[in-house]
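Colleague: Chains as they are written, first to last, in this note's numbering: chain V, 1 to 68; chain L, 1 to 290.
Keep in mind that the hints are not guaranteed to be accurate.
[As the list claims (entries may be wrong)] Where chain L lies over chain V, by a calculated footprint (3+ residues, C-beta under 8 Å):
| hint | region |
| --- | --- |
| 1 | 9 to 19 |
| 2 | 51 to 59 |
[Said to hold, decoys possible] Only part of the chain L face toward chain V is listed, based on derived beta-carbon distances under 8 Å:
| hint | residue |
| --- | --- |
| 3 | A79 |
| 4 | G82 |
| 5 | M96 |
| 6 | I100 |
| 7 | A103 |
| 8 | T104 |
| 9 | V107 |
| 10 | Y108 |
| 11 | H111 |
| 12 | I226 |
No lab work stands behind these hints: they were computed from the structure. Ideal placement from N, C-alpha and C gives every residue a C-beta, glycine not left out.
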Amino acid sequence: MKGNSLAIGLVVLAIVFLILAGLYYEGVIQIAVSDPTAAHHPTHAILFTVLAIATLIAANFARSKRPT
Amino acid sequence: MTLAQALFMGLLQGSTELFPVSSLGHAVLIPSLLHWSFKQSDPSFVPFLVLLHLGTASALLFIYRGEWVAIIKAFFTAAVRGRIETPPERLAMLLMVGTIPGATLGVYFEHQLKSLFASPKAAAGFLVVNGFLMLGAEVLRRRAERRAVLAGKSREEQEQNFAVAEQISFRAAALVGACQALSLFPGISRSGITIGGGLLAGLRHQEAARLSFLLATPIIAGAGVIEIPQLFSAGIPVAEYVAAALLAGAAAYLSARFLLRYFRSGRLDPYGWYCVAAGVGSLALLTLRP
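Chain V with its partners taken away, still in its complex shape:
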């Protein structure tokens, strides 16, 4: 049960990372970017996409496994 709660939390976090990736790509977020005038920030978008994937993997590791 504890593992499932953690897994759900990590999935939510992954969705947050994906939203942040989209917002950075569209230039909506300008936090800690090298060129605030640029329309897109692909490096930050790629970073948050990778973080989202890593968090989903962590969620898969955290969820309870059925006995085989």
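We have chain V; now place chain L onto it with these hints.
Modeller: Frame of chain V, contents of chain L only:
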């Protein structure tokens, strides 16, 4: 930048990227000491660096091509299964955990740190710090060897008492990976700091170098691939830059081969003392010259 300068910079970057002596520090210091007039802040310098990094990453990918195939397969297997069952799966997950902190810190702080500290004097100062960090790591390793009662044994026997990369903890992998971000300070070596971190995590020297090179590959290649569009800017002397990148790749290949052999029984001390001497010497030259 002349062709000779481009080739020299390629050779310098390729060899110093993997030797624990800071490629960025040397790239800032040596042109300044040689009074070369090209500006590293020039927009045409970025595509040059991109190609040099791709050359170095290609060399690392070539050396570890078999291992990378196994790591990528193991990564997907473990990620889908949600459980680690084999050493390659553990290594794949350790590399992911080790890459994320360094990449995150790099994306957020690279621009600020490079613009703050990209002066030759700062690079020389950080080179001295880099030297002392490596010497400090070796002092702590010798202490661990004394605790394990390994004094008097041959270096190969001493090394056998320490771990291989697959055996370190995930926390240690994350810390070693985060240490990579320190290499954003010109003069602090990525490989030096990660090999030193690997030693503190209880790895053999050769395994610490292997982990360092495996951790460096995604970051160096990723940083290069992201900047590929810069290569298509107008006025880029592509042929000269590609020649320099090939030289960087060849130098990186030979450097990695040498280092992996050297670290079977060698230590970081010579590189530590080199960094201290080169940093102090460069500071003196930069201070005394008119």
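Colleague: The structure should be examined with respect to each hint, and the outcome stated for every one.
Modeller: How the hints compare with the structure:
1. 9 to 19: With 0 residues in contact (Cβ-Cβ under 8 Å with chain L), the coverage given for the region 9 to 19 of chain V is violated.
2. 51 to 59: Coverage by chain L holds for the region 51 to 59 of chain V (3 residues, Cβ < 8 Å).
3. A79: holds (5 Å)
4. G82: For G82 (chain L), the interface hint holds, since the closest Cβ of chain V sits about 4 Å away, which is under 8 Å.
5. M96: holds (6 Å)
6. I100: Constraint on I100 (chain L) satisfied, holds at 6 Å.
7. A103: At 6 Å from the nearest chain V Cβ, A103 (chain L) passes the 8 Å test, so the hint holds.
8. T104: holds (6 Å)
9. V107: holds (5 Å)
10. Y108: holds (5 Å)
11. H111: It holds, given that the least Cβ distance between H111 (chain L) and chain V is near 4 Å, below 8 Å.
12. I226: With a closest approach of 6 Å, the I226 (chain L) hint holds.
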